[in-house]
Amino acid sequence: MSPTGQALCVRGLGRIYDDHYALVGLDATFPAGTITALLGPNGAGKSTLMGMLSTLARPSEGEVTLDGQPLDDSPAMRGRIGYVGHRTMLYGPLSARENLAFFGRLYGVPDLTGRVDALITEVGLARDADRPVEGFSRGMAQRLTIARALLPEPAVLLLDEPFTGLDQDGLVVASRMIARRRDAGAAVVLASHDLALTATLADRALMLRRGRKVFEGPVEGDLAALYRERVEEAAA
Amino acid sequence: MKPFPIATALSAIGLFAAHWLAFDFVPMERTMGAVQRIFYFHVPSAWLCYLGFLMCFVGSVGYLWTRRSRWDLFALASAEVGLIFGFIVLITGPLWARPAWGAWWRWEPRLVSMALMVLIFCAYWVLRSYGGSGEGVKRFAAILGVFGAPNIVFVHLAVRKWRGTHPDQVVSRSNSDMRIALYSVLAILLVVFVLLVVQRYRIHKNAFRVRALRRRLSRMGAM
Amino acid sequence: MNAPGFFSVVGVVLAKDLRTELRSKQTLMTMAMFGLVLTFVFAFGFVADPATNKKVLPGALWASLLFTGTLGVGRTFAREAELGAFAALVLSPADRAAVLLGKMLGNLAMSIVVMVLVVPLLALMLRVDITATAAIIALQLLLGALGFAVVGTPLAVMAVNARFAEVLLPIVVFPLVTPVLIAGVKGTGIALGTTIGEDAWGWVQFIAAFDVAFGVGGLFLFERMVTE
Numbered sequence: 001m002s003p004t005g006q007a008l009c010v011r012g013l014g015r016i017y018d019d020h021y022a023l024v025g026l027d028a029t030f031p032a033g034t035i036t037a038l039l040g041p042n043g044a045g046k047s048t049l050m051g052m053l054s055t056l057a058r059p060s061e062g063e064v065t066l067d068g069q070p071l072d073d074s075p076a077m078r079g080r081i082g083y084v085g086h087r088t089m090l091y092g093p094l095s096a097r098e099n100l101a102f103f104g105r106l107y108g109v110p111d112l113t114g115r116v117d118a119l120i121t122e123v124g125l126a127r128d129a130d131r132p133v134e135g136f137s138r139g140m141a142q143r144l145t146i147a148r149a150l151l152p153e154p155a156v157l158l159l160d161e162p163f164t165g166l167d168q169d170g171l172v173v174a175s176r177m178i179a180r181r182r183d184a185g186a187a188v189v190l191a192s193h194d195l196a197l198t199a200t201l202a203d204r205a206l207m208l209r210r211g212r213k214v215f216e217g218p219v220e221g222d223l224a225a226l227y228r229e230r231v232e233e234a235a236a
Numbered sequence: 237m238k239p240f241p242i243a244t245a246l247s248a249i250g251l252f253a254a255h256w257l258a259f260d261f262v263p264m265e266r267t268m269g270a271v272q273r274i275f276y277f278h279v280p281s282a283w284l285c286y287l288g289f290l291m292c293f294v295g296s297v298g299y300l301w302t303r304r305s306r307w308d309l310f311a312l313a314s315a316e317v318g319l320i321f322g323f324i325v326l327i328t329g330p331l332w333a334r335p336a337w338g339a340w341w342r343w344e345p346r347l348v349s350m351a352l353m354v355l356i357f358c359a360y361w362v363l364r365s366y367g368g369s370g371e372g373v374k375r376f377a378a379i380l381g382v383f384g385a386p387n388i389v390f391v392h393l394a395v396r397k398w399r400g401t402h403p404d405q406v407v408s409r410s411n412s413d414m415r416i417a418l419y420s421v422l423a424i425l426l427v428v429f430v431l432l433v434v435q436r437y438r439i440h441k442n443a444f445r446v447r448a449l450r451r452r453l454s455r456m457g458a459m
Numbered sequence: 460m461n462a463p464g465f466f467s468v469v470g471v472v473l474a475k476d477l478r479t480e481l482r483s484k485q486t487l488m489t490m491a492m493f494g495l496v497l498t499f500v501f502a503f504g505f506v507a508d509p510a511t512n513k514k515v516l517p518g519a520l521w522a523s524l525l526f527t528g529t530l531g532v533g534r535t536f537a538r539e540a541e542l543g544a545f546a547a548l549v550l551s552p553a554d555r556a557a558v559l560l561g562k563m564l565g566n567l568a569m570s571i572v573v574m575v576l577v578v579p580l581l582a583l584m585l586r587v588d589i590t591a592t593a594a595i596i597a598l599q600l601l602l603g604a605l606g607f608a609v610v611g612t613p614l615a616v617m618a619v620n621a622r623f624a625e626v627l628l629p630i631v632v633f634p635l636v637t638p639v640l641i642a643g644v645k646g647t648g649i650a651l652g653t654t655i656g657e658d659a660w661g662w663v664q665f666i667a668a669f670d671v672a673f674g675v676g677g678l679f680l681f682e683r684m685v686t687e
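Protein chains in written order, with the working numbering: chain A, 1 to 236; chain B, 237 to 459; chain C, 460 to 687.
Simulated from the structure, these hints should not be mistaken for laboratory data.
Partner residues are not named here, just some residues of chain B that face chain A (Cβ under 10 Å, in silico):
| id | residue |
| --- | --- |
| 1 | S305 |
| 2 | L449 |
| 3 | R452 |
Which chain B residues stay away from chain C? Per the calculated CB distances, all over 12 Å, these:
| id | residue |
| --- | --- |
| 4 | Y286 |
| 5 | P335 |
| 6 | W340 |
| 7 | L431 |
| 8 | A448 |
Label pairs and their calculated CB-CB ranges:
| id | chain 1 | residue 1 | chain 2 | residue 2 | range |
| --- | --- | --- | --- | --- | --- |
| 9 | A | E232 | C | G470 | 48 to 56 Å |
| 10 | C | A474 | B | V362 | 33 to 41 Å |
| 11 | B | W361 | A | A225 | 48 to 56 Å |
| 12 | B | L290 | A | H86 | 36 to 44 Å |
| 13 | C | Q485 | A | G185 | 41 to 49 Å |
| 14 | B | A339 | C | T511 | 21 to 29 Å |
Glycine is no exception: its CB is placed at the ideal position from the N, C-alpha and C atoms.
Between the sequences and the hints, there should be enough to build the whole structure, so can you do that?
Structural data, given as structure tokens:
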């Protein structure tokens, strides 16, 4: 089943940590079949938003919907989300293949062996597939973690700094895979400090500053210039 | 008029009244003598200790379900005050037991479950004090608060398999003055208990706010 | 694509943990080694005349179970936390209670292996013949180890969020497993004939009741625990 046309929407979304808002009253849409760049300085609320979109964190206010359905942390919803976070989320003593096979079984991925092999080849880890992940470089582990997120063909793909540690070849592979998932109809959210690379991938952008939205819309022209105008100059 | 200082003043007067009730008002108990008077503090403290930990259980469940920090603060404040009353029980108990039983301690259901309960909530307190103040620690503590209460039931049942000698009947076979004194002291200590819980709750809430404000300030300074 | 059923998740998680452990042997080796060291500590600390040894054995057995078990639950979750894999586990559509049950069984398996080593050795060192009552003692320890896993595993999951987790975990877990400790020491004492009391079965039932209560409670609460 390849999901198509499922838009991710947030309405009045807010998250309170201790006594302050990390995110306030956010309204935004992440349409299906697009890559939305999530931009903002540190502490703008990007990871907070990612956490709530992933269902790992619950909203303090407002709601997230996927295809009109509230995005709760029910198994059915969780199964439609792919998430790459700051950490690789892998098991060090297990090999690349075993890591993917383990998560694949939890997601009930059909034709698992074939799919794992294909993904491992695609991310360029075929020669290291049976080595324990703890011996991998950060870049290799990052390739594997992208494969892990894509394994269940998620309708929503959340990428929080997915390019960490990747070499030039890795960047190319990762970008290609992310674009392909978008073309298959997934709503992709991409948060990265690499503005140049993000600009080549993103169709739309959502910019946050101090927990508030400062821009939402399609990317036309220079993303870096837009970012400077909306986020950095506003701060000055 | 602020209600808080008035309540504090009243409870301070109440505590003097409680001492008068326990040491002057009630007649001397015939068989046990003066040492029995400690029971007017020992027994209500035990009840309030249980109440504190029951409230911690409720607050922990509330936090796990709603994730509102007010439930977490309620659980924390209750556990702290419950712990204080637990210590009063564990100090006054042996003071009585030594002359009455000839031993500081006995392996008896109520003693062991009280001691264990205090131990569990000491762990709770250590966790809250040294484990950090993140959201994950609050969840950790909430699980402890939830697991703690039914655990006491098991401890109690376990020790009851060795038969006990706790003086159940001290008050019920005694005269009405004794009962009046016991319940009056209980009422006074209950007021103190509530006051302390409210106070701890407010202190934690303010500490919370100060931390948040300080963070906000440092962020603004960095810009 | 359908999420797998409850018991297949239990199996997948358990198999993953056992495979991880068989590969690194880190947890098992440290637990077994610690069990060995404890055996010597107890032997040197308590060995005396045969009658006293027999009285000391139950306490030594149950203390070993608790101490090595704490090491075990702490380690298995340190591994989940190491690269943040636990978040991926929680995000998967797999039933979270099943994930916890799989992890509990993994910890139980670890404790069983260690106790198979430690129990005969302790009996040997303290020169107590336990062959006549081996079955009931094994059952008591098995249920006790389950009780420990059932309480220790969910708390170990939460401990990864706290500072000083390795130190805090035993402080938090030991008081909570005291009912098991009491019942275990008494029950084993009765089995060995050093404690007078009702039959040892009463204590077996007691531990079983504890396992069921906290096992079901933990599985029920786990869903509530794992997300922020």
